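Given chain A, work out where chain B should sit, using these hints.
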Amino acid sequence: MRLELGKIRIKDVQFGSETRVGQGVLYVDRAAVEGIVGEDERIASVSVELARPGEEVRITPVKDVIEPRVKVAGPGGVFPGMVSKVDTVGEGRTHVLAGAAVVTTGKIVGFQEGIIDMTGPGAEYTPFSRLNNVVLVCEPVAGLPQHEHEAAIRMAGLKVAAYLGEAGRDVEPDEVDAYECLPLLAQAAAYPDLPKVVYVYMLQSQGLMHDTYVYGVDAKRSLPTLIYPTEVMDGAIVSGNCVSACDKNTTYHHQNSPVIHDLLARHGRDFNFIGVVITNENVTLADKERSSNYTAKLVEMMGADGAIVSEEGFGNPDADLIMNCTKLEKKGIRTVLVTDEYAGQDGASQSLADANPLADAVVTAGNANEVITLPPMKKVIGHPEAANVIAGGWDGSLAADGSIAAEIQVITGCTNELGFSHLSAREI
Amino acid sequence: MVKEIERAGIPVVHMCTVVPISLTVGANRIVPTVAIPHPLGNPALAPQEEKQLRRRLVQRALVALQTEVEGQVVFEK
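Quick mapping for you: the protein sequence lines, in order, are chains A and B. Its first residue numbered -18, the first sequence is counted upward by one per residue in the numbering used here. Its first residue numbered 4, the second sequence is counted upward by one per residue in the numbering used here.
The set of hints was computed from the structure by calculation and includes no laboratory data. Hints may be right or wrong, so weigh each one.
Calculated cross-link-like contacts (lysine to aspartate or glutamate; reagent style DMTMM-like; alpha-carbon spacing at most 25 Å) [unchecked claim]:
1) A/Lys66 <-> A/Glu15
2) A/Lys201 <-> B/Glu53
3) B/Lys80 <-> A/Glu270
4) B/Lys6 <-> A/Asp327
5) A/Lys66 <-> A/Glu37
6) B/Lys80 <-> A/Asp268
Pairwise CB distance ranges, derived in the manner of DEER restraints [said to hold, decoys possible]:
7) A/Gly325 <-> B/Ile8: 19 to 27 Å
8) B/Gln62 <-> A/Asp327: 40 to 48 Å
9) A/Pro173 <-> B/Gln55: 56 to 64 Å
10) B/Ile8 <-> A/Lys311: 29 to 37 Å
11) A/Glu153 <-> B/Gly44: 56 to 64 Å
12) A/Glu153 <-> B/Val28: 52 to 60 Å
13) A/Asp376 <-> B/Gly44: 49 to 57 Å
14) A/Asp155 <-> B/Gly44: 51 to 59 Å
15) B/Met4 <-> A/Val90: 25 to 33 Å
16) A/Ala342 <-> B/Arg59: 24 to 32 Å
17) B/Arg59 <-> A/Val90: 25 to 33 Å
18) B/Val28 <-> A/Gly3: 21 to 29 Å
Here chain B is said to cover these stretches of chain A; the calculated rule only asks that three of the stretch's residues, wherever they fall, bring their Cβ under 8 Å from a Cβ of chain B [said to hold, decoys possible]:
19) 80 to 86
20) 328 to 340
21) 386 to 395
Just so it is clear, the structure is predicted and the values come from calculations on it, not from any experiment. By construction, the Cβ of each residue, glycine as well, lies at the ideal position given by its N, Cα and C atoms.
Only chain A is shown next, with the shape it has when bound in the complex (with noise of 0.2 Å):
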């Protein structure tokens, strides 16, 4: 399976009277937008509003963020399952709008995190405030349950991000990655000296605001399964998750992770990267048993070496996480686990919820109970009062002159576990 993707970077993003790229500039027929999304009869209202980098503008409760994208060439079309025919993707070429995103925002549950801050402090802690974005404020009619608006926001932004990611399709890309992939037995064979790695990706599944769907299957209802690393940089794997934002994966890290492009570029030099394991984090202890069992065999049939295994979220899935460690080091294949901690605000208590002998090569991306002051920002797209309710905030964390005293976990992207972020350790 080989990938290209042709990367048009965007530098700004402007309302105009069509949606087009040009000269590095996205331009949105707000209109257009607004029609897209009032489709959806469950939505009552959209304002769409645009936050660029370095502005004074503070977007909370984030729900998801999305890279608009364009498949310009070979089977199928963005988001399969969702929004296009569940045909197949990972092959052929796709326009990614680089530097753009659509950003959605809608509050649905009574607490709800995701702080995307353009500016300030914040703004280092989320990647995303250096995105031109694209957002979305949805209100839903009258006594709409909270699943069917949990999925009328997260099908209004897949669906705008795919009309946004038309605009790239008849421009001529800055740059062209390609990425190829082989079946298994072809893969295994092609570097017979080196060790051969597996991905394990776990996704988070546990229910309303905590779900992911695969090719528009929610991954609670699945056994562990095989995806090439390409299908999930073609948008197979979108997310239906934001609580708590820091260590949630968006559709924008799925169709960027770092695991999977860093594993690439390794790739046939310092190991032999076989393929991706995807796997889920449900709520019941035999349900924990049964995909942890099935992703150490499913690993162990491929032949694997070694695996690196990501976590989505924290606490019970923390027991994921083991479960998978020991069942793949008990096989013999070593393991490296990719987390984030919750070591209290003063990083002096344990940091994950279950520990073992056997998990001992962990990278962590960061203590998501350490406290920061978000200043007043001059403008707030969305439902700023959610602070006082959110995990990681406190009644009184919104003060009056809008600033928020919080942990960071309740920046969007804070504490990626698949690494996508800027925070990094020093030695002292």
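For chain B alone, kept in the frame of chain A given last:
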């Protein structure tokens, strides 16, 4: 919570869904429950069946509370 109450000399039964976490944190009497969002209930059951389920779990916990243990025990039935 479990460990602090036990430290005060009062036996504790930890009813929880994710037993491995309970084992890791050091509970001694563990009763597995239904699911993380609804540990002591099951919305898929009819009300009468769910009541029986809840009663079974509480009775199991009471038996566990009265059982002498050496180290960690998971009360599966």
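Verification of the supplied hints:
1. A/Lys66 <-> A/Glu15: At roughly 23 Å apart (the allowed maximum being 25 Å), A/Glu15 and A/Lys66 satisfy the hint.
2. A/Lys201 <-> B/Glu53: holds, 23 Å
3. B/Lys80 <-> A/Glu270: holds, 19 Å
4. B/Lys6 <-> A/Asp327: Holds, at roughly 22 Å.
5. A/Lys66 <-> A/Glu37: violated, 39 Å
6. B/Lys80 <-> A/Asp268: holds, 19 Å
7. A/Gly325 <-> B/Ile8: 19 to 27 Å: holds, 21 Å
8. B/Gln62 <-> A/Asp327: 40 to 48 Å: For B/Gln62 and A/Asp327 the Cβ distance comes to about 42 Å; the hint holds.
9. A/Pro173 <-> B/Gln55: 56 to 64 Å: Given range 56 to 64 Å: holds, Cβ gap about 59 Å.
10. B/Ile8 <-> A/Lys311: 29 to 37 Å: Given about 34 Å between the Cβ atoms, the range holds.
11. A/Glu153 <-> B/Gly44: 56 to 64 Å: holds, 59 Å
12. A/Glu153 <-> B/Val28: 52 to 60 Å: Holds, at about 57 Å.
13. A/Asp376 <-> B/Gly44: 49 to 57 Å: Since A/Asp376 and B/Gly44 have Cβ atoms about 29 Å apart, the given range 49 to 57 Å is violated.
14. A/Asp155 <-> B/Gly44: 51 to 59 Å: At roughly 55 Å between Cβ atoms, B/Gly44 and A/Asp155 fall inside 51 to 59 Å, so the hint holds.
15. B/Met4 <-> A/Val90: 25 to 33 Å: holds, 26 Å
16. A/Ala342 <-> B/Arg59: 24 to 32 Å: violated, 42 Å
17. B/Arg59 <-> A/Val90: 25 to 33 Å: holds, 31 Å
18. B/Val28 <-> A/Gly3: 21 to 29 Å: violated, 58 Å
19. 80 to 86: Three-residue rule not met by the region 80 to 86 of chain A, so violated; n is 0.
20. 328 to 340: Check passed, 4 qualifying residues.
21. 386 to 395: Result for this restraint: violated, n = 0.
Checked against the numbered hints above, the structure violates hints 5, 13, 16, 18, 19 and 21; every other hint is satisfied.
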